[in-house]
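Q: Here's the letter readout for the chains.
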Amino acid sequence: MIAYLGRRFSALIIILFGSSFILYNLAAVSGDPTEALRGSTDPKARQQLYALIRQLHLNVPPPTRYFLWLKGLLGVFTGHATFGVTRENIPVTSLLSQAIPTTIRLILMATIIAIVLGIAFGIVSALRQYSRFDYAMTFVAFLMYSLPIFWIAVLLKQYLAISFNNFLANPVIAPSWIIVASVVSGIFWAALISGTRRKVQITFLVAALASAIVLIVLSLTKWFAHPGLGPILVCAMGIGIAYFVTFLSTGFGNKPAFKSALAMPIIGLVLYYPVNYFFKHFAGLLTILVMALVTVLIAILVARFFAKVDRGPVIRTSIITGLLVGLIIIIDRLMQAFVPYFNTDAVNGRPIPTISQSNSLLPPGNFWFGLLDTLFHLFLPTIALTLISFAGYVRYSRGTLLEVLNQDYIRTARAKGLTERTVVMRHAFRNTLIPLTTIIVVDFAAIIGGAIITERVFAWQGMGTLFNKAITDLDLNLLMGVFFVTSTLAVLANLAADLLYSALDPRIRVVGK
Amino acid sequence: MKARLTARSVVALSSVIAIAITGAVAVPAHAARSTVIIEESNTFTSLNSGTPDNNITINSDISYMTNMGLWHYDNNTNIVTNPVLGSIKVTKNTPTDFEVTYKINPGRVWSDGAPITAADLLLTHVLTSSAYSVKAGLGDPSNPDVTPAFNSGFYTGVYDQHVVGIPTLSADGMSMTVKYNAQIPDYVLNGPSTPFPVHALELAAAGKKSLPSVAEANAATAQFVKDVTSYNTASLKKMGALYTTGYDMTTVDASTNPLLLVSNGAYQVASVDVNQAKLVLNPKYNSGPATSGITTIVMKQGIADGAPSAQALANKDVDAYQGQPTADTIAQIKAIKGVTLVTPSSFAYEHIELRVASQDGKAYNGPFAASGGAKAAALRKAFLLAYPRADIVTKLIKPINPDAEVLGSTWTLPGSPGYSDVAANNGSAAYNAGTQAERTAAALKLVQQYYPTAGKSTPVKVNLLWGSPGNARRTSEAALIIAEEAKAGFAVTAPATKGWGGKLTDSAYDAHFFIFDQTAVPQDAQACGTFKTGAGSNYTGYSNKKVDDACTQLQAKTLPASTVHRLQIVAERQLNTDAFFLGIFQNPNVTAWDSAIQGIKPAPLSPTLVWNFWEWHF
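Here the protein sequences come in this chain order: A and B.
Everything in the first sequence is counted per the numbering used here, starting at 1 for the first residue and increasing by one.
Everything in the second sequence is counted per the numbering used here, starting at 1 for the first residue and increasing by one.
Check each hint, because a few of them may be wrong.
Here are the computed distance ranges between Cβ atoms for each label pair [to be verified]:
| hint | chain 1 | residue 1 | chain 2 | residue 2 | range |
| --- | --- | --- | --- | --- | --- |
| 1 | A | Thr-138 | B | Ser-457 | 39 to 49 angstroms |
| 2 | A | Tyr-145 | B | Thr-453 | 52 to 62 angstroms |
| 3 | A | Pro-101 | B | Pro-283 | 30 to 40 angstroms |
| 4 | B | Ser-230 | A | Ile-15 | 56 to 66 angstroms |
| 5 | A | Met-109 | B | Gly-361 | 52 to 62 angstroms |
Derived list of chain B stretches under chain A, where covered just means 3 residues or more per stretch with a C-beta under 8 angstroms from a C-beta of chain A [as the list claims (entries may be wrong)]:
| hint | segment |
| --- | --- |
| 6 | 41-47 |
| 7 | 206-217 |
| 8 | 505-517 |
| 9 | 522-531 |
Because the hints were derived from the structure by calculation, they are not lab data.
Glycine residues also receive a C-beta, built at the ideal position from the N, C-alpha and C atoms.
The task is simple: from the sequences and hints, build the whole structure.
A: See the structure below:
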């Protein structure tokens, strides 16, 4: 193991320095940072040109100049390591430390959503292999794969930002939209549920009708102008969640689990007003964390009350349900903050922005405004990134699950008489996650590299924007700083993925030779 | 019972009314807007845009709005002085002794309350005079290998060449007199313009981190004057280091040294974060014209030009935009309701120039070399005649700016007084006469004198340099040029070249087309830097005594406008006869803003969008 790690780390160092040398030289010859000054007719331009040449060491040939940069980095041995400064005299490290959290904020949520949705749809797709739903999912996945993100971004901005903000001025949904949305929803659920022709027809009708009713109510009450759920809806949604979580987690056969899951939304209803009192007077991240902790404690107590033996799955079910109900209560609180947020001068009736990552004109000190602001700024880029990366996960998880389902131990499990839910969730799904883990780890490393186009189009100042700026300004110090962080993480993530794989899958061993 | 019910209902009713009233009060009435949000494509990097590395649009826009000077350019490139702050007067005017006196009006204050005095103009001398920098032991700015302590972008200009000694301050400290050894033209443009809070510089360089009292500020100002006049190297070096890098930052917040934020403009920097710079009114402002109702100006930064900017405008994420978009984006902006779009010409112009002599020490024997005599002259003329300028303007520029025209002069640009006169008489008509087909036919005849096969083949090889492969407009230009020049017998090789800026003096290339960016309008219109023998942007090796003479006269002293135009005509006629340089078009400054904002009038020179920010209102 140690020999293996040693070998990997020495390879890592060679890769890092070799590739940084190549990149530095390629970037240095790819353009001329003095261009703008050559075209200036200002008599002082020549002196400014000298200053630039001095500053960027342009009179040193690039292969030699690389070592000037490397010298700063190797200062790590004397305690004076530096990535240098940008062309504008800003330390590269300070820009990196600003950009990395931004990028993580931008991409983390999109990646999580893409993973959750991708795996969920992939599994359903695999279970309904060669059904209409499977074909539709395959089609959608490949469509998303092939869409350029800048184009998706333009469409999203046009319809979900500009048009939606206009719509909010008078949020009445046109009948044509209600019909289209209901039919689409009907088709979606009918395809998802599948089964006999009659069952499909009934599912379609029920789903379409339900969607139409919801949309009509939303339109008539102008819900979008003053959204909110209230305790009753929170509880109703919580009961839905309880059903869903129990179904996936233990199955309805486990009565204590079902009962304790159902208890969570009821407790949520009872605690709705006290919780909102705390939200009002002690708004902040800490309050939310404390409440999450309290929720977990309550969930454990409830589970212990209902279950006398085999408490593990029951506790798990009630904790998941409880946290999801808590999330709904937070969403409800955010909706309460929406109207005052909407009416601030900074938002001015247009809550969905097309650019930037925050709005500093908002009145400071309001936690809910801050949270809403972050979420609205995340809204479009998250959708765009989810749309394009979700396709990959659908295909991977579908393929892996199908492979796993054909294994002997699945047949054995079925032969034992286990329910289909247990076979899929416990025996197949867990093994599906092993290869997916490695993909996810490598994906996370790529995240730090930033989504160059997405960040540029949505004006987020993350790693991708820095990289783009470094390339266009031929700012080699900045470029190398971004590159060094990104490539180190990429190499380390590959290593982590390999180690993780061997830890998860006992058939695989890492060896030193 | 009944009475109790009534009492209850009264209480209930009154509480309902109370709730209704408070509810009605709580709904914020949308008052007239007072915030303008400007789109910026690059990001803020410094409070000081005077150093070469931080001279980028967003920095200079912020500097312009937070610092009020003694003059500015208006949208017709006229110099407008600022009588509120002070005055500029010529106080001695002989051929060898020329003095200009700058007077600051009493009572003007910095944002920290300290009085503005003439000493605040004195820093300009330190930033501009190479002789001073050398004498004070701060490094020789004219030496390419030396970084001066005050690494400003102002050395080697007219002021630097002609200033004598250190400017003198009056006894009351409110006037400063600058002495020159010649009657320099454009003394307003070339002299000190915007005061710099030298007390804050002095204090911050000494490590102070809080705003001074007025007495402390006055003492610091006096100390600064002493440091400058006594050539206090140690102290000046500290201030130089601060000036050069101390103002560079990407965020401004409560932890920023307030001394670095002292300014005298209508607005002051309130905060800068990764997304936006926020400027708010300076309550102590009394250095210039009053603002018209905008209380906050926000620069949203790092927004990509093109569709993202257009959509940000449509979604009202930004109120004003200026950029270099494609015709598609312009159509997109035009389709937005309630947005005003204008596409005026800027003072950055594309041009074609032909190499006439070597500049890199290697022998140059290209087709256009002046040493080639009559044959080379004919080929130059032919090349310029066949150069499809009208096509370029019609196909590439008019879709953006319908009023664009082919340039008739580069010594004075369209819209300037005297342009039509100069363009009509400078011999440029020869390159505009007839249609392009006729001009190309004339060019072919010239080439055929020396290459009879021209027309059927392309015997004259021309290496054309242009840059930036990513620049779609230039790519199209190159294609048009290659096609049209081929008809006149020229085989033009024109690959997009990265790093073209450094190759402008390379003898391997016979011609270049690129943009010249004019930064001011002095008497010689910055043209002499291009055409005078050996001048800074003379990349063709051109040298002609008539042109040099005209330049010498234009740069010697202030002349009446008619004389200036006469000299321009003389020089340009010579240039057109020698046939090696033609202007093509001016870059359009595409500007769009929310029509609710009044008073935006984009100017051709920097700061193009914000030059009259104090006139803006809703």
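Q: Of the numbered hints stated earlier in the document, which are not met by this structure?
A: Violated hints: 1, 7; rest satisfied.
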